[in-house]
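Asker: Heads up: the sequence shown begins at 18 in the working numbering, then just goes up one per residue.
Treat the hints as calculated values from the structure; they're not laboratory data.
Don't be surprised by glycine CBs; every beta carbon is placed ideally from N, CA and C.
There is no bait here: all hints are sound.
Below are the DSS-like pairs computed for lysine-lysine, each with C-alpha atoms no more than 27 Å apart in a straight line:
id, residue 1, residue 2
1, K48, K112
2, K48, K78
3, K112, K78
4, K78, K132
Simulated restraints on C-beta separations:
id, residue 1, residue 2, range
5, V138, G98, 37 to 43 Å
6, E75, R39, 24 to 30 Å
7, P140, K48, 38 to 44 Å
8, L135, K48, 30 to 36 Å
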Amino acid sequence: PRSAPVDVLLLDTTGELRQFYRHADVIFIGKSLTQHGGQNILEPAAFAKPVVVGPNMENFKSIMADFLAAGAVVQIETLQGLRRAVDDLLANPDKREAMGLSAARVIREQQGALKRTLDAVLPVCTLLPDE
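Input sequences plus hints: build the corresponding full structure.
Answerer: Structure (structure tokens):
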């Protein structure tokens, strides 16, 4: 157990991130600087946290498009860009808060997707002949 504040926390175990998101000031999404397609940005966004990602978010293209359009994520190209983005966000609490709120808003706007899909699909299913 550590009693002193922590400036940087690196985690590499599946399933442990969620418990730390609420305490973070800025969240960087792993596997996004390499050719692995990035990780999901929805969980940190649900905690209204500013999110920084690398250039490789191929696994989450549509989500990324929504977040970029809302100004809810910073996408960087290099390690130097990561440092600049994190430094900027740490130095600007109002910007961090605005980004986090934008991220949470994108999440709220996406809620109900299953219901909308069912509303579109079920009427078509009733038109199919019984077999």
